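Quick mapping for you: the protein sequence lines, in order, are chains B and H. Heads up, our numbering is the position in the first sequence plus 104, with the first residue counted as 1. Heads up, our numbering is the position in the second sequence plus 104, with the first residue counted as 1.
It cannot be assumed that every hint is accurate.
Identical copies go unnamed one by one, so any copy, or any two together, can satisfy a pair.
Below are the BS3-like pairs computed for lysine-lysine, each with C-alpha atoms no more than 30 Å apart in a straight line [what the hints assert, rightly or not]: (1) Lys364 with Lys113; (2) Lys257 with Lys408; (3) Lys408 with Lys113; (4) Lys113 with Lys257; (5) Lys282 with Lys361; (6) Lys113 with Lys392; (7) Lys257 with Lys295; (8) Lys350 with Lys282; (9) Lys216 with Lys408; (10) Lys350 with Lys113; (11) Lys361 with Lys408; (12) Lys392 with Lys159; (13) Lys418 with Lys392; (14) Lys361 with Lys389; (15) Lys361 with Lys219; (16) Lys408 with Lys392; (17) Lys219 with Lys418; (18) Lys282 with Lys392; (19) Lys257 with Lys350; (20) Lys408 with Lys282; (21) Lys389 with Lys350; (22) Lys159 with Lys257; (23) Lys418 with Lys216; (24) Lys389 with Lys282; (25) Lys295 with Lys389; (26) Lys350 with Lys418.
If you're looking for bench data, these hints aren't it; they were derived computationally from the structure. Please read all numbers here as calculations on a predicted model, not as lab measurements.
Protein chains: 2
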Amino acid sequence: MKDEFSFIKSIIPNHIQQQSLRIGIGDDAAVYESDSSVDQVVCVDTMVEGIHFRKDTMEPVQIGRKALAINISDLAAMGATPRFYLTTIAVPPTWTEDHLREIYRGMSELGKQFKMDLIGGDTVSIEQSLVITVTAIGTVASGSAIKRTSARKDDIVFVTGPIGGSAAGFDLLNERTKDGHFSSNELSYVKMHQEPMPQVELGELFSQSNQRMSLNDISDGLSSEIFEIAVASNVQVILNKAHIVKLSPQLDVSLEKRVKWSLNGGEDFQLVGTTSAEQYEVLQKQAKAIGFSLFPVGVVREGKPAVFLDDGDKELPLEMGGYNHFKRG
Amino acid sequence: MKDEFSFIKSIIPNHIQQQSLRIGIGDDAAVYESDSSVDQVVCVDTMVEGIHFRKDTMEPVQIGRKALAINISDLAAMGATPRFYLTTIAVPPTWTEDHLREIYRGMSELGKQFKMDLIGGDTVSIEQSLVITVTAIGTVASGSAIKRTSARKDDIVFVTGPIGGSAAGFDLLNERTKDGHFSSNELSYVKMHQEPMPQVELGELFSQSNQRMSLNDISDGLSSEIFEIAVASNVQVILNKAHIVKLSPQLDVSLEKRVKWSLNGGEDFQLVGTTSAEQYEVLQKQAKAIGFSLFPVGVVREGKPAVFLDDGDKELPLEMGGYNHFKRG
């Protein structure tokens, strides 16, 4: 990089969106006001080149976007409203300053959609692989964050949209690269992989409802996410295969593959939750009123934590194939 | 790593120190209470193997410790009290699970000293270099964070302890590795590199004093840190060479080398600040009352932002050799 100083200047936001921000980029740390009506919600995720993304399947602008989206999705899974983010990037010599600008542009564009301010970070050198870490901060009404521990017997298990689309898109990209030719139907799945949209509005709706529910975001595949809820809540979940098929990628591949994408694919950034049948009806109406929808995919029952797939005839125990190794929090 | 699940369990703190924490590690994001009497202070820093640390100069436990120390030092430079941290590590195959445990132990031990809770993170794979990113969160009384913009004509420029020790220690380590033989005097500098101590108590004292002052932590060398203050405050700083020599490493090398370590070395994690002569006397007394000391190293005057070294005869303009490339915030 020829001129770090002008680069840094170029990524500093020229106006802020969050009025609570007192000190943004440019001092040792960022400072913002807080108050007792809200709890602070914070998460962090790291994406590594070659592990979580590749230059041949995603544009730099999409890589930046996704690094922030992953974290916004974690905030949404707590019912929080996104406020701020901080970004550190370790840049190898194979990435140009233009690439880097594009990464920041991707974050900035998505951040703006949710009125988030970039308030800090660090840009360092590395020999080989690009590494992006984003820390995201949000707020939720005091005591209203939605945990994984609240699933109860007879709850309806629901998701907030199609699942497995990101995995299907990745399969297509892996086969043809980002410069390949795709039909418009295929392209919709490619975009689900490259530009997934976190479900902030629904997360906010859920936390504002102040009803008992459990919630997770689908970053590691439906089966592993619902398994986390089952473990945290000490219940069993039975997923309905027919329902999942309807939400799975509508591509001309085997049914088995489509279901596998939906169960283990991950990175859809839809939410998966459980709540009582009565509350589900209420939430469904509220979701539709703001242009969203909930989709039932299973039920909760008592028993040692486990997840089963009901194919109409029998219940198959699901192995946690999508379970994200190393992942905490 | 053979068993990620048990590893993750092993690094989850078994009790919390901050009573405001509602949800720690184990959900999509951490959640803690806030109130309007304090501002939130947040920063993030990344350390890359081969760039910021090496296995032959630092033990894994010291690498972990330092990754947190860097961030605590940034909080201290705002006058904040540390509260929480989140850690992401990208681990190459050359690092064992035992190494990783040691890294977390180093963070945990330093975190405990400042009653900080580990509340989230991510552990991922990488091909080549280990990368650690720590996000640290603190609080400061509402409106009391100390900025870089408040230096004024005739201020005294002070530091909170010896400077250049970390650079001297790194020189020794670079020459002999961490397993080399060192005199006890040499070892004290080696330790300043391997186990630097952020100046949290003094930062808190400064913000509680509620007096006009500017403050920075010495992570990139005194000359670059005071230059940041000079630019942010639109003033000139004249550093006194004789004073700096007294604070520089007491090793049998050229005076020139000692001064260079002090001016450009960095990673000392002492604080550098400016305040009026009257207020300096008050703060000095308060610092001594809690077992610390301030050391004058220069003065502030009007003029186009610049830093000079006064050697008794003349003023030499300092080039910003220690200026940290790529660094923001």
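Outcome of the hint check:
no.	hint	result
1	Lys364 with Lys113	between (45 Å within a copy, 29 Å between copies)
2	Lys257 with Lys408	within (12 Å within a copy, 70 Å between copies)
3	Lys408 with Lys113	between (55 Å within a copy, 20 Å between copies)
4	Lys113 with Lys257	between (54 Å within a copy, 27 Å between copies)
5	Lys282 with Lys361	within (22 Å within a copy, 53 Å between copies)
6	Lys113 with Lys392	neither (42 Å within a copy, 40 Å between copies)
7	Lys257 with Lys295	neither (36 Å within a copy, 57 Å between copies)
8	Lys350 with Lys282	within (27 Å within a copy, 60 Å between copies)
9	Lys216 with Lys408	neither (43 Å within a copy, 36 Å between copies)
10	Lys350 with Lys113	neither (48 Å within a copy, 37 Å between copies)
11	Lys361 with Lys408	within (28 Å within a copy, 67 Å between copies)
12	Lys392 with Lys159	neither (37 Å within a copy, 56 Å between copies)
13	Lys418 with Lys392	neither (33 Å within a copy, 75 Å between copies)
14	Lys361 with Lys389	neither (32 Å within a copy, 72 Å between copies)
15	Lys361 with Lys219	neither (38 Å within a copy, 49 Å between copies)
16	Lys408 with Lys392	neither (34 Å within a copy, 60 Å between copies)
17	Lys219 with Lys418	neither (47 Å within a copy, 52 Å between copies)
18	Lys282 with Lys392	neither (34 Å within a copy, 63 Å between copies)
19	Lys257 with Lys350	within (25 Å within a copy, 71 Å between copies)
20	Lys408 with Lys282	neither (43 Å within a copy, 50 Å between copies)
21	Lys389 with Lys350	within (21 Å within a copy, 73 Å between copies)
22	Lys159 with Lys257	neither (45 Å within a copy, 51 Å between copies)
23	Lys418 with Lys216	neither (47 Å within a copy, 51 Å between copies)
24	Lys389 with Lys282	neither (38 Å within a copy, 64 Å between copies)
25	Lys295 with Lys389	within (28 Å within a copy, 62 Å between copies)
26	Lys350 with Lys418	within (19 Å within a copy, 80 Å between copies)
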